[in-house]
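K.L.:
Okay, here's what each chain looks like letter by letter:
Number of protein chains: 2
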Amino acid sequence: MGRPREFDTEKAIARAMRLFWSQGYEGTSLTDLTEELGITRPSLYAAFGSKEALFLKALDLYETRAGYREAALAAPTAYAYAQALLEGAADLHGDKNNPPGCLGVQGALACAPQSNSIREELARRRRVGEATIRDRLKRAKIEGDLPAGADPADLARYLSIVIYGITVQAAGGATRKELQSVAKLALQNWPRASNLKRKRDA
Amino acid sequence: MGRPREFDTEKAIARAMRLFWSQGYEGTSLTDLTEELGITRPSLYAAFGSKEALFLKALDLYETRAGYREAALAAPTAYAYAQALLEGAADLHGDKNNPPGCLGVQGALACAPQSNSIREELARRRRVGEATIRDRLKRAKIEGDLPAGADPADLARYLSIVIYGITVQAAGGATRKELQSVAKLALQNWPRASNLKRKRDA
DNA sequence: ATTATTCTCTACCGATCAGTACGGAATTGT
DNA sequence: ACAATTCCGTACTGATCGGTAGAGAATAAT
Numbered sequence: 003m004g005r006p007r008e009f010d011t012e013k014a015i016a017r018a019m020r021l022f023w024s025q026g027y028e029g030t031s032l033t034d035l036t037e038e039l040g041i042t043r044p045s046l047y048a049a050f051g052s053k054e055a056l057f058l059k060a061l062d063l064y065e066t067r068a069g070y071r072e073a074a075l076a077a078p079t080a081y082a083y084a085q086a087l088l089e090g091a092a093d094l095h096g097d098k099n100n101p102p103g104c105l106g107v108q109g110a111l112a113c114a115p116q117s118n119s120i121r122e123e124l125a126r127r128r129r130v131g132e133a134t135i136r137d138r139l140k141r142a143k144i145e146g147d148l149p150a151g152a153d154p155a156d157l158a159r160y161l162s163i164v165i166y167g168i169t170v171q172a173a174g175g176a177t178r179k180e181l182q183s184v185a186k187l188a189l190q191n192w193p194r195a196s197n198l199k200r201k202r203d204a
Numbered sequence: 003m004g005r006p007r008e009f010d011t012e013k014a015i016a017r018a019m020r021l022f023w024s025q026g027y028e029g030t031s032l033t034d035l036t037e038e039l040g041i042t043r044p045s046l047y048a049a050f051g052s053k054e055a056l057f058l059k060a061l062d063l064y065e066t067r068a069g070y071r072e073a074a075l076a077a078p079t080a081y082a083y084a085q086a087l088l089e090g091a092a093d094l095h096g097d098k099n100n101p102p103g104c105l106g107v108q109g110a111l112a113c114a115p116q117s118n119s120i121r122e123e124l125a126r127r128r129r130v131g132e133a134t135i136r137d138r139l140k141r142a143k144i145e146g147d148l149p150a151g152a153d154p155a156d157l158a159r160y161l162s163i164v165i166y167g168i169t170v171q172a173a174g175g176a177t178r179k180e181l182q183s184v185a186k187l188a189l190q191n192w193p194r195a196s197n198l199k200r201k202r203d204a
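Here the protein sequences line up with chains A and B, keeping their order. 173 is the number that our numbering gives to position 171 of the first sequence; each next residue is one higher, with no gaps. 79 is the number that our numbering gives to position 77 of the second sequence; each next residue is one higher, with no gaps.
No wet-lab data here; the hints were simulated from the structure. Values in this document were obtained by computation on a predicted structure and should not be read as measured data. Heads up, some of the hints might be wrong.
Identical copies carry no separate label here, and so any pair may be met within one copy or between two of them.
Think about it this way: if two alpha-carbon atoms lie no more than 30 Å apart in a straight line, the pair counts; the simulated DSBU-like pairs of lysine-lysine are [to be verified]:
1) Lys186 with Lys59
2) Lys59 with Lys13
3) Lys179 with Lys98
4) Lys98 with Lys143
5) Lys143 with Lys13
6) Lys186 with Lys53
7) Lys140 with Lys186
8) Lys53 with Lys13
9) Lys186 with Lys98
10) Lys53 with Lys140
11) Lys53 with Lys98
12) Lys143 with Lys186
13) Lys98 with Lys13
14) Lys143 with Lys59
15) Lys59 with Lys98
Please put together the full structure from these sequences, using the hints given.
P.N.:
Below, the structure written as C-alpha cells:
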C-alpha cells in the first residue's frame, strides 16, 4: 500500500557500487550519490537507511558481480584453481568498462577513524576470501593435488597478495594485457603434484 | 630575522607522515594534524603551505625512511635484489611500530575527485618505483644475470604487485612472519641464470 | 630603542559533510 | 469518495571541512 517507489533500488545499488568503486567510501559524498542515482536524500535514506548501509549493499553486489572467485572453486585441480583466480582477477581489473582497482581494497584501506567500521568490514571480507582459498587448497592437498611440502595457508596468502597487487596496479592504470602477463608469471612456479608425480615416476 | 619558529619542522613532518600513513590523505583532517603536531593552523600553513604540500613532504620522508627499495639496489645479483626487495617490504610492513600498510598505496588509492592530484602523484611514484626495478633487471639481463627468456618488464611488474599485495595484507593486520613467508614463496620460482647455466652445463 | 620581520594566537570564512523535519503529492485498500 | 500509507522535494540541522584575516608577541637587524 501507499505510493510506490519511483526508482529501481537494484539499479540504484549498481550505480552506487560503481561510484564507491571509483572513489572509495569516504571519497563518495551523499551529493555524489544522489546526483548519480537521480534521487533525493530522503529517498536514499528511506530506501537504504544510511550511507554505510548503502555501501554494504553495494559491496554485496560487487562480490557477486566480481564472481570469478566463486567460479574458480569449480576448477578441478589446485593449479587450475590458482589459474582461474589470477586470470579472473586480471580480466576483471583489466576491463576498461570497470572502474580501475578493487572495491574491496580501495573502498577504505586507510580512512578517518569515524569510518573504521567500514575499513574493518573490508578487512574482514578479505580474510574470508583468503580463508576460502585456503580451504580449497587444503582439500587439494588431501586429494594429493599439492606436493607434501606445500602449505595451503602460505599458498593462499600468496594468491591473495598477488590478487591484491593486481588490483593496486590496476588502480594505477595497468592494462589487461599487463595484468595477464603478471598473472601468468605468478603461476609459473606453482607447485604441481603432477610434476612431482612425474619426477617420482621417472 | 624575525621570530624563530617554535617547533621543529622535521619532527612535524615525521608526525604528519605517521598520521597520513594511518589514515590516508583524505582521512586525515587539519584538526587531526594540528592536534598531533601540537601547532595551530596558521603555523601549519606558514610552514608548509597547504595540506597537500605537507602530504608531499611527508611522502618524501616516507620514501627515504622506507629505504629498502634503494638499499636493495646494492644487491649483486637479480635474485639477491628481488630477495632484498621482498624481504625489505615484509620487514617494513610487518613492523608493528609502523602504521599498517604503505603510505604510497593507501594514501589515496581511491578518493574524491578533488583529491585526484594526490591520487595521481602516488600512482606516478609507484610507476617510478617499478621503473627503477625494471632498470635494475634490465642491467641484470645484460650482465647475464637473468635467463634469456625472462622479460625485465614482466618481472618488475611481478615484484611490484607482490610488494603491493604485501602492503594490502599488512593493512589488514598480517604479521611479519606471515609476510616473510609469502615473500619467500614469491621468490621460490625466481628465474636464476645460475640455474639455467647449471642445466646447460650439465 | 626602534623598526622590520616573522611567528602564534583567536576567531572566523564559505563550502561541504551526513542526516532529517515537514508538507504536499501519489497510490493503496476500503 | 475517503482514509491510510508511503514517497518525493524543499529546506534545513549541527558538525566539520580546508583555509585565512588580523592582532599581538617575540626576535632580528640597525
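K.L.:
All hints, please: hold or fail.
P.N.:
Each hint tested on the structure:
When the C-alpha separation of Lys186 and Lys59 is checked against a cutoff of 30 Å, the pair qualifies neither within a copy, at 33 Å, nor between copies, at 37 Å. With identical chains, the CA atoms of Lys59 and Lys13 are at most 30 Å apart within one copy only, with a shortest distance of 12 Å there and 42 Å across copies. With identical chains, the CA atoms of Lys179 and Lys98 are at most 30 Å apart within one copy only, with a shortest distance of 12 Å there and 36 Å across copies. Taking CA atoms no more than 30 Å apart as the test, Lys98 paired with Lys143 passes in neither setting, with 37 Å inside one copy and 33 Å between copies.
Proximity of Lys143 to Lys13 under the C-alpha cut-off of 30 Å is found in neither arrangement, the shortest distances being 42 Å within a copy and 51 Å between copies. When the C-alpha separation of Lys186 and Lys53 is checked against a cutoff of 30 Å, the pair qualifies neither within a copy, at 39 Å, nor between copies, at 41 Å. In this assembly of identical chains, the alpha carbons of Lys140 and Lys186 lie at most 30 Å apart whether taken from the same copy (23 Å) or from different copies (20 Å). Taking identical chains as interchangeable, the C-alpha atoms of Lys53 and Lys13 lie at most 30 Å apart only when both belong to the same chain, with a minimum of 16 Å there against 37 Å between chains.
In this homomeric assembly, Lys186 and Lys98 come within 30 Å of each other (Cα to Cα) only inside a single copy, at 20 Å, whereas the closest approach across copies is 33 Å. Taking CA atoms no more than 30 Å apart as the test, Lys53 paired with Lys140 passes in neither setting, with 38 Å inside one copy and 48 Å between copies. In this homomeric assembly, Lys53 and Lys98 come within 30 Å of each other (Cα to Cα) only inside a single copy, at 27 Å, whereas the closest approach across copies is 32 Å. When the C-alpha separation of Lys143 and Lys186 is checked against a cutoff of 30 Å, the pair qualifies both within a copy, at 22 Å, and between copies, at 20 Å.
Proximity of Lys98 to Lys13 under the C-alpha cut-off of 30 Å is restricted to the intra-copy arrangement: shortest distance 20 Å within a copy versus 43 Å between copies. Taking the closest pair of Cα atoms, Lys143 and Lys59 never come within 30 Å of each other, the shortest separation being 35 Å inside a single copy and 49 Å across copies. Taking the closest pair of Cα atoms, Lys59 and Lys98 come within 30 Å of each other only inside a single copy of the chain (23 Å); across copies the shortest separation is 33 Å, beyond that limit.
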